[in-house]
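Chemist: Using the hints, put the two standalone chains together into the complex.
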Amino acid sequence: MSTSPPHSSVTAVSATGERTGHPAIEFVGVRKDYLSHGEAVPAVKSLDLTIAQGEFFSLLGPSGCGKTTTMRMIAGFEDPTAGKVFLDGQDVTNIAANKRDVNMVFQSYALFPHLNVLQNVSFGLERKKVAKAEIKRRVGEILEIVSLTGMEKRQPKEMSGGQQQRVALARALVNHPRALLLDEPLGALDLKLRQQMQIELKRIQREVGITFVYVTHDQGEALTMSDRIAVMNNGLIDQLGTPREIYEKPATRFVAGFIGTSNLIDGEVSRVEDGFAVLDLGTEGRILAPVPGAVVAGQKLEVSVRPEKIDLHRTEPAGFTGSVLAGTVAEVVYHGTSTNYAVTTSTGSDFVVFDQNANDAEDVASRGERVFLTWAPQHSYPIGV
Amino acid sequence: MNRVKRTLAPYLLVLPGGLWLLLFFVVPMVTMLSLSLQQGDVVNGYRFTGHWQNYVDAVTDYRTQMIRSLVYGLVTTVVLVVMSFPIAYWIAFYGGKRKSTYLFLLLLPFFVSFVLRTISWRQILTDDGMLLHPLKEAGLLSPGFHILGTSYAVIGGLVYNFLPFMVLPIYVALERIDSRVIEAAQDLYAVPATVFRKVVFPLALPGVFAGVLMTFVPASSDYVNSAVLGSSSTTMIGQVVQAQALANSNYPMASAISFTLMAVLLAGIFVYARLLGTEDVMKAAAR
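If you're matching them up, the sequences are chains A and B in order.
Each step along the first sequence adds one to the number in full-length UniProt numbering, with nothing skipped, and position 24 is 24.
Each step along the second sequence adds one to the number in full-length UniProt numbering, with nothing skipped, and position 164 is 164.
Extracted from the complex, chain B is given alone in its bound form (with noise of 0.2 Å):
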């Protein structure tokens, strides 16, 4: 009886989870890739017909979308790994007593909704606003300067968002760190900068390499912030499921872009992950 019991208590506990995923991902997921090679029109219904037309449609109509939100995902996560290491590093090094605090700072944003935030992040851009206004009036900027509607606005906002993303992972790798295995670098006469780039960095990497996965992935699927802080220059692949599933209620493409966009993402993944697996950073890093 005992034994039975021990043998089932690890399914009987994964049990309400893996129920969960089934039908709250497995089951849409399934559906959507129905729905992607579905036919027909929002009045007449649509009707399972392995239509694999929608995929060229969505390679070819949105080719142009799909590499901007790629270009825009990658130029986010650059920017965040170097603005984040610093902020991770003098959190982990240098936030004695307080460490708990500075991490707690940056997560209160998040107490404001995404889209509140993206929407006061255009407030501070818009052409006239409390950041460009008195640069005009100053002479500074020419009149005709604008943020607003650029791509510079929508990865500026894409960074924002996505920022403690990144500095977390960053900072439990740092946080890890023997501080004796850094005394040991100094004590084999390694200058601070050698330190860094010998020891810090390359243990690191774990972090970063985390960071990037949980920043990439949304920031190239976002659709808020082009919507919010850019114009139609700027329009991410997000914005054009968006509007194809509730605009158009075209669900048959929209599953279609998704699927391309996932099977993106992840071939994309698959390959950083591979060429630059973390053991394999921290060893190329060493050299």
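Next comes chain A alone, as it looks inside the complex (with noise of 0.2 Å):
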């Protein structure tokens, strides 16, 4: 085993992450099979994946995509069926969890709940057998930065959920892990703290500069926080990138339709002109989509568009050059800052419209209206090209 003595690998990582060049983790040509009434049920079909220094990983999905079990994996409670896993260039494969230099915050946050505050997030530096001055200092410092300084002495069992949270939180941090894990760390939030803990979340990030693995199937909050998205489902990751590449430009039509709202039309090439293919719907509309070389008339297509893109008319918009489609209103529902519209077209689905309530709040059509939808060339990504 190549790991540095316990001690010196504390001090090694500096608090900016920066280390010898090698991408926190890396996973290469990974599976993972559970056994299920004596048959192998893969969890993970195939994973490569790197996750650079100092990023903030989301690994997202609906449950029993696989996330879980990847996070798991890069802290070693799960062993790989097949392929490697690597922390900082070190092939940790067969290395057992404690003594991986990564840190888990757990969904339920399993603080130990015999242990006040202070003897959790000791408990770490304890088992590294780092000085008692030292740990003073450092649970003193991740507890000023998790704002608990002064409830050293509380029991679990007298915290609320925001607060064992940031125990769960400090108790990780305190170590200077290569990468911090969390396992859906705001689950068990109400709204209102989760959307706090998310900013918090992302500040402590930033001042400690390590790489945060973050395991949620909260499309909003992995949006919010993250520098990369990996989209995962049944097992393999349909789409990795930012979290604009990922909203606006979706890999598949799973990501389309998991990550926010989509509208989703499945049409064929009437022709292509400038780069842009027309699926032209008759007296209908049309739609415009840019589209790759690579594209012909006759092609099927599958065209996403996102419902804030879109503007309602009450008539035909004379001379509009991008893509058009007729409707019937089925519902409006206010939402306060917009209104939202839902729109039987001739492709088959409904149609969903966010209108800004930005300059009055009257509603353009009520339900039962026919109307036309209008959005720019541009706007339509074309899935899978």
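You may find that some hints are simply not true.
[What the hints assert, rightly or not] In silico lysine to aspartate or glutamate, EDC-like type, Cα no more than 16 Å apart, as pairs:
1) A:300 / A:268
2) A:157 / B:178
3) A:99 / B:183
4) B:99 / B:183
5) A:309 / A:355
6) A:309 / A:248
[Said to hold, decoys possible] These stretches of chain A come out as covered by chain B in the derived footprint (C-beta under 8 Å, 3 or more residues):
7) 112–123
8) 129–137
Because the hints were derived from the structure by calculation, they are not lab data.
Note that beta-carbon positions come from the ideal geometry of N, C-alpha and C, so glycine has one too.
Modeler: Below is the structure:
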């Protein structure tokens, strides 16, 4: 085993997370099967992934997509069936959890119920035989970062969910791990507190400069906090990219549907003009979508368009050169900052349109009215081409 | 009307159990307390005279048996903790889907009478029984070696008979430990021995505490194991009470000894609880 002595490995990590130039975490051809009734069921089918030093990286997906298994393989709680896991360039595939320089914030916090805050937070440093004075200094420092100074003697059961969350965070961060793993850490908090903690987590991550790997099924959370997101589905990464890329350019139908709201149109390309595919729907309108050169007329095409990109009109706009689609308003829902319309169209699916209530709060159209939806050509995004 | 019903409901629900306790616990206790202060003999009957001498006699005459019982109870309890923890641990963490089967197996001997089981131990331990005979034949033990009639036999019997009462509470405590707390300890660099010492054991202490209460008290006042497996040199206080009450019909003495034993056990348990209240034990173990 090539780990340096525990003491020095602690101090070797600079506060900014700078290291040897290796990526913080690397998965190479990793697969993980679980045995269920004597049969191997894949939880993670094939994973090649590189997470950079100091990155806020999210694994996003519905339950059962393999994101938690992926995280547990980083922590060392699960052994890959095949492939290798590297931490900071070092192969840790066969290294036990207690020898890995990563720490985890558990979904239910998993604080030691018989220990107070101070003892909980000191636990890791004591195991590493860090000097008493040094432990005291570092625990004091981290408790200040998570705003728990003065609560050292509290028992976990005497604290609120939000405070327990901070203890769990401090208990992991105080060790200056190579990476901090967070397993749906905000899931048990109410909405207000969750939003507050999202901002707080982001601040803490900037302050300590440690790589964060964040597992969540909440797409909003992943979008607001992450540098990069891996969207997982059925044991595979469907798309890997920045929040903006994933939102604006969903690579698969699954990503388009899972991240935010998408309107999807299945159609056949009528012709290609100036790099835009045109899906002609006759009197019902036309859809324009930017496509690479390989797309030709007659080809099937799936197009996604976000609800906030769409304008709603009562009369057909004259001279508009973008996408136009006719439909009937099925539902109008007032949301305060916006009004949401569900519009039945000839494409078969209901379109969702978010109309910002910026200028006046009057509804553009009411239920049963015939309307026209328009959006700029570049706001159509063709999936999978 | 409804309000009256609702106010009365808890009391009405407590009533049957309360009456039961009053009749079969409080009344005999008071009767016994009164008996312990009576004087007389079985022919002319006993009369209440506030005769404190019974207690003095109980303590002076039967001090040896009293201390022996407490020592046996203590040794039994310690052996039980050491033996039960691995059993409970194994069932709780490695029992898988068969946990209830293992617990059932643990309780299976209880379907046979306590006395019968102890007598069967006697069969096994007897001087030329199935255990010692082959060993003596093989020359591994001297022909004069015996277990029956010694403290070892009595404590062995006590441990055997009370084992489930220690295993079950420890099992329940271990079962309640969140597996993620154990993972958290591993994540924070604890080696398996440290995980046990710093997390699993402290969290199982309430179970150990309950197990000690459930075994120390009945083991100390037991009279069957010593009677069946022991000899005159292993006489326990329970046997003395039995003899005084049933053989000598000296009810005042039997009652006085019983109350003395009860007082000693209560005091012991109280001190134990105060010194090692589970909360404090957990904190102490965590250090």
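Chemist: All the hints need checking, so say for each whether the structure fits it.
Modeler: Okay, the hints, checked on the actual structure:
1. Between the alpha carbons of residue 300 (chain A) and residue 268 (chain A) the distance comes to roughly 4 Å, so the proposed pair stays at or under 16 Å and holds.
2. Taking the CA atoms of residue 157 (chain A) and residue 178 (chain B), the gap is about 14 Å. The hint holds against a cut of 16 Å.
3. Of the pairs offered as hints, the one joining residue 99 (chain A) and residue 183 (chain B) holds, with about 13 Å between alpha carbons and a cut-off of 16 Å not exceeded.
4. A threshold of 16 Å between alpha carbons decides the hint, and for residue 99 (chain B) with residue 183 (chain B) the separation of about 21 Å lies outside it, so the pair is violated.
5. Straight-line distance between C-alpha atoms of residue 309 (chain A) and residue 355 (chain A) comes to about 9 Å, which keeps the hinted pair within the 16 Å bound.
6. For the suggested pair residue 309 (chain A) and residue 248 (chain A), the alpha carbons sit about 11 Å apart, so the restraint of at most 16 Å is met.
7. With a cut-off of 8 Å between beta carbons, the segment 112–123 of chain A has 6 residues touching chain B; three or more are needed, and the interface restraint holds.
8. Counting residues of the segment 129–137 of chain A whose beta carbon lies closer than 8 Å to any beta carbon of chain B gives 0, which falls below the threshold of three, so the coverage claim is violated.
Taken one by one, the earlier hints fail for this structure at numbers 4, 8, listed in ascending order.
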